[in-house]
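2 protein chains.
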Amino acid sequence: MNVERIGKVLEKTEADALLLCDPSAIFYLTGRKISPGERFLGLLLNKEERPKLFLNILFPFEPCEGLDVIEYSDTDDYVKLLRPHLKEDWVLGVDKDLPARFLLPILKQKLVRDCIDGSLPVDRTRAIKDEEELRKMRRSSQINDEAMGIFKTLVKEGITEKQVADQIPEIYRSLGAKSNSFDSIVAFGKNAADPHHMPDDTVLKEGDAVLFDVGCIYEDYCSDMTRTFFYKKGPTPEQKRIYELVKKANEDAEAYVKAGVRLCDIDSVARNVIKEGGYGPYFTHRLGHFIGTQVHEYGDVSQSFTVPAEAGNTFSIEPGIYYPEILGCRIEDLVIVTEDGCEVLNHYPHEIEIIR
Amino acid sequence: MNVERIGKVLEKTEADALLLCDPSAIFYLTGRKISPGERFLGLLLNKEERPKLFLNILFPFEPCEGLDVIEYSDTDDYVKLLRPHLKEDWVLGVDKDLPARFLLPILKQKLVRDCIDGSLPVDRTRAIKDEEELRKMRRSSQINDEAMGIFKTLVKEGITEKQVADQIPEIYRSLGAKSNSFDSIVAFGKNAADPHHMPDDTVLKEGDAVLFDVGCIYEDYCSDMTRTFFYKKGPTPEQKRIYELVKKANEDAEAYVKAGVRLCDIDSVARNVIKEGGYGPYFTHRLGHFIGTQVHEYGDVSQSFTVPAEAGNTFSIEPGIYYPEILGCRIEDLVIVTEDGCEVLNHYPHEIEIIR
Chain X
155 MNVERIGKVL
165 EKTEADALLL
175 CDPSAIFYLT
185 GRKISPGERF
195 LGLLLNKEER
205 PKLFLNILFP
215 FEPCEGLDVI
225 EYSDTDDYVK
235 LLRPHLKEDW
245 VLGVDKDLPA
255 RFLLPILKQK
265 LVRDCIDGSL
275 PVDRTRAIKD
285 EEELRKMRRS
295 SQINDEAMGI
305 FKTLVKEGIT
315 EKQVADQIPE
325 IYRSLGAKSN
335 SFDSIVAFGK
345 NAADPHHMPD
355 DTVLKEGDAV
365 LFDVGCIYED
375 YCSDMTRTFF
385 YKKGPTPEQK
395 RIYELVKKAN
405 EDAEAYVKAG
415 VRLCDIDSVA
425 RNVIKEGGYG
435 PYFTHRLGHF
445 IGTQVHEYGD
455 VSQSFTVPAE
465 AGNTFSIEPG
475 IYYPEILGCR
485 IEDLVIVTED
495 GCEVLNHYPH
505 EIEIIR
Chain H
155 MNVERIGKVL
165 EKTEADALLL
175 CDPSAIFYLT
185 GRKISPGERF
195 LGLLLNKEER
205 PKLFLNILFP
215 FEPCEGLDVI
225 EYSDTDDYVK
235 LLRPHLKEDW
245 VLGVDKDLPA
255 RFLLPILKQK
265 LVRDCIDGSL
275 PVDRTRAIKD
285 EEELRKMRRS
295 SQINDEAMGI
305 FKTLVKEGIT
315 EKQVADQIPE
325 IYRSLGAKSN
335 SFDSIVAFGK
345 NAADPHHMPD
355 DTVLKEGDAV
365 LFDVGCIYED
375 YCSDMTRTFF
385 YKKGPTPEQK
395 RIYELVKKAN
405 EDAEAYVKAG
415 VRLCDIDSVA
425 RNVIKEGGYG
435 PYFTHRLGHF
445 IGTQVHEYGD
455 VSQSFTVPAE
465 AGNTFSIEPG
475 IYYPEILGCR
485 IEDLVIVTED
495 GCEVLNHYPH
505 EIEIIR
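Going down the list, the protein sequences come from chains X and H.
Yeah, the first sequence ends on 510 if you go by this note's numbering, and it's all consecutive.
Yeah, the second sequence ends on 510 if you go by this note's numbering, and it's all consecutive.
Because the hints were derived from the structure by calculation, they are not lab data.
Check before you lean on any hint, since a few could be wrong.
For identical chains, the list gives no copy identity; a pair is met inside one copy or between any two copies.
[What the hints assert, rightly or not] Listed next, the in silico DSBU-like pairs over lysine-lysine satisfying Cα-Cα at most 30 Å (straight line): (1) K234 to K264; (2) K234 to K387; (3) K359 to K394; (4) K332 to K306; (5) K262 to K359; (6) K290 to K234; (7) K332 to K310; (8) K306 to K201; (9) K386 to K359; (10) K310 to K162; (11) K234 to K429; (12) K412 to K402; (13) K166 to K402; (14) K187 to K359; (15) K234 to K262; (16) K412 to K166; (17) K187 to K344; (18) K316 to K306; (19) K201 to K387; (20) K316 to K332; (21) K206 to K166; (22) K206 to K262; (23) K332 to K187; (24) K386 to K234; (25) K359 to K332; (26) K310 to K290; (27) K162 to K412.
Keep in mind the model is a prediction, meaning the values are calculated, not measured.
Construct the entire structure; sequences and hints are all you get.
Have a look at this one:
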C-alpha cells in the first residue's frame, strides 16, 4: 500500500470518503493488480479509518499491510456488503467509472447522503509522476524508439497491415517490454487518414503512407508514439506540405511546453500551425492525452483543459492531418513537463523517411 | 439497424426512454461497432421518436437507416449535448454500465425526473439468441473444438505457459476465427488451481495438470471451453477422484438443462455432486455465465439467478475444483437451451487424457 499517495488523495477531496473501483487507481494506491471483470471491486478510503478493499473471493489476493479486505462471493448482496461501511450522512466521492449498476443502488437505498464524482483527487495525484514512475516512463519510451526501428523493417511488398501488426507483441517482448500498451495501429495508404484505423487485410502498395501508432508496457508503464513513413516513393509536393506542417505543429508545441503554461494553449500552438497551413478542419482530435499505467489517463492537452501543466505531468503531443485523398499523417511523442520546458521521451527522428 | 430487436427491448421497459452506452448492446441493436474508449457514446431509444446515437466525430460511422446521429467533438459539453433530447419528466433507463461521470451530471442537473437501471430489457432480449446467432455460436464452438486438438500438441517438455498462449491467436485465425474471445488461460501444475491464472513463465513438468480455458470469435460470436489434461503421467488416485467429480458435475448439469428449469437449480445439480464428493469448498465460482457477442453477457448460472432458463439461452457449464496441493481442474462446455433439453456445443471429449 502506498500510504503517501493515499494521503495526497485524501488531502484533495471534499468528500467524507472515496469509493474507487478503477483497477488502475487501485493498483496505484495499493500496489495490487486485480481485473474484476463485471464483478464489484471497491477501495474505500477515508481519513479516520483504515482503507478497505471489497473483493470477490474469486480473485487471489496477496495480503497488503494496512489494508482490510472484505471478501464476498457471487451470491452475496452488494448493498448489504457496503452498508455497514458507509455512513448515512456522508457525501461519498465515487469513482468516475463506477457503473450505474453499482451507483444507482447506493443512491436509491440511501447508503449515503449524496454521491459526487470523486476521481479528481486521484487523477490529479496520478498526473504528477514521481521519480520512480518517470524512470519507468523513460525506459518504456526508449524501448518504443528501438521497436520503431524494427517495425519499419517489417514493411515489405505484398504484406498486409495485420501481418505487420501480428509481429509487434513479440518484438516488444524481445526488447524487454511486457506487451503492447494498446492495439497497435498499422495503417497503409488511405487508412492512415482514419485516426483509429484497426489493422486489416489491406496490402501494401508502392507510394503508400505507412503509419505506426504503437506503444508497449514496461514495468506497468506505457509508451505511445506515432510515426508516418512513405513506402518506396517519396511524398508528392502536397503530401510533403502536409507532413512538414504536422512536424512543425509537433515541434512548436513541444518547444512551448513548460510548467505553468495552460494545456489548452499547448493545444492551440499546434492547432494554429495546422490552421494557418490551411488544414485546420483535418486535425480532428485533441493534441494529446495524459499517460502512465494507463495509456489514456485523466487529463487532455485540448481546448477543454484550461489548467496549467505541472512538472511531472506526462502526456502525448500528437498532431495529425487526415486528408483522405492525399495523406493521413500523425507525429506523436511523449513528454514530461519540467519547470523550464519538457523532456521529450521519444528520439526516433521526425524527418520524412522513405522505406525502400 | 435492427428494428425488431429495438421493438422487443422497448416493449420490455417501464422507463420513458433508454440511454444505452455498452458498445456490445449498441452493436446488437444497430449493427454498428464502435469502441469509444473514455469518450461518451450513447444510443437513445424511446417509443415515439427515431433512435438517436450520440457519437464523437473522431469515430468514423457508416450511415445507418432510421438512426439519427448527433455528432460532438472533444470540446463539446456533454450535458448541453443531451439536454435537448431528454425530457424533464422522464424516467430514464440508463445502461447498467453508464459510468458515474456521465450519470451524475444527468441526475444533478435534472435532465430527467429519475434514472433507473435500464439494461434488463436489452439483456433479456440478448439472452435469447435467434437462429442466425445460434448458427454463429455453433460455428465458433466448432472451431474451438478443433483448436483444442491443436493446442494440446503445443505442450512439450520445457515449454512455458506464455509460449503456449502466444501461439493460440494464430491457430484460431488459421481455423477461420477472427481472434481470441478473451485472454487464453494456460495453466500448468499448481497454477491450474487459480481459476483466473494468467499465463506466465512457469515451465512444464512431468506430472503437471495442463488446463486450457480458451475461446475465439467467429463472426462476432464467442466460444469458451475448458479442458484439463495431464502431462506424461496419469493422475494419482486423488487427482482421478477430483477429475471424475468435475466431469460428473458437468455432465449431470448438462443433462438437467432444459427450458423452464431454474438457473440456480442447474447450478445446484453440479454443486451438489462436488459437495457430496467432499470438495464443496473448492468449487468457488458460479457454474456458468451467459455468452454471445461478449464472452460474459448478462445472466449467470448461479444461486443468484432464480429465473427459469429459456429456449435460446446460451451459457457455459463450467464446474471446477481448485485444490492447490493436489489438482486444479475445470471442464467447461457451452450449451444452448432447447424446449426439451440442451444442445451441447462442444464435442471435445471429457475423458481423462494424458499428453505424451
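Report task. Could you place K306 and K201 in one of the four classes (within, between, both, neither) given a Cα distance threshold of 30 Å? Result -> neither (52 Å within a copy, 53 Å between copies)
Query - Homomeric proximity label, K234 with K264: Cα distance no greater than 30 Å - result: Answer is both: 12 Å inside a copy and 28 Å across each meet the 30 Å cutoff.
Report task. Classify it for me, K412 with K166: is the Cα-Cα distance of at most 30 Å met within a copy, between copies, both or neither? Result -> Only inside one copy: K412 and K166 sit 24 Å apart there, 55 Å across copies, limit 30 Å.
Query - Within, between, both or neither: K332, K187 at alpha-carbon 30 Å - result: both (15 Å within a copy, 29 Å between copies)
Query raised in the report: Between copies, within a copy, both or neither: which fits K187 and K359 at Cα up to 30 Å?
Result: between (43 Å within a copy, 28 Å between copies)
Query - Status of K306 relative to K316 across identical chains (alpha carbons, at most 30 Å) - result: both (14 Å within a copy, 26 Å between copies)
Report task. Have a look at K166 and K402 and pick one of within, between, both or neither, based on CA distance no larger than 30 Å. Result -> Neither: 38 Å inside a copy, 55 Å across copies.
**Report entry** Copy assignment of K332 with K306, given that the CA separation must stay at most 30 Å
**Finding:** Close inside one copy (21 Å) and across copies (25 Å); limit 30 Å.
Requested in this report: If the cutoff is 30 Å on CA atoms, where do K234 and K387 land: within, between, both or neither? Let me know, please.
Outcome: Classified as neither: same-chain Cα gap 66 Å, cross-chain 47 Å, threshold 30 Å.
Query - 30 Å Cα threshold - placement of K234 relative to K290 - result: Cα proximity of K290 and K234: none, with 41 Å in one copy and 40 Å across.
Report task. Since the copies are identical, ignore which copy is meant and state whether K262 and K359 lie within 30 Å (CA to CA) inside a copy, between copies, both or neither. Result -> Answer is neither: 59 Å inside a copy and 54 Å across each miss the 30 Å cutoff.
Query - Copy assignment of K386 with K234, given that the CA separation must stay at most 30 Å - result: Neither. Shortest intra-copy (65 Å) and inter-copy (48 Å) distances fail the 30 Å Cα cut-off.
Of the numbered hints given earlier, the model fails hints 2, 5, 6, 8, 10, 13, 19, 24, 26; all others are met.
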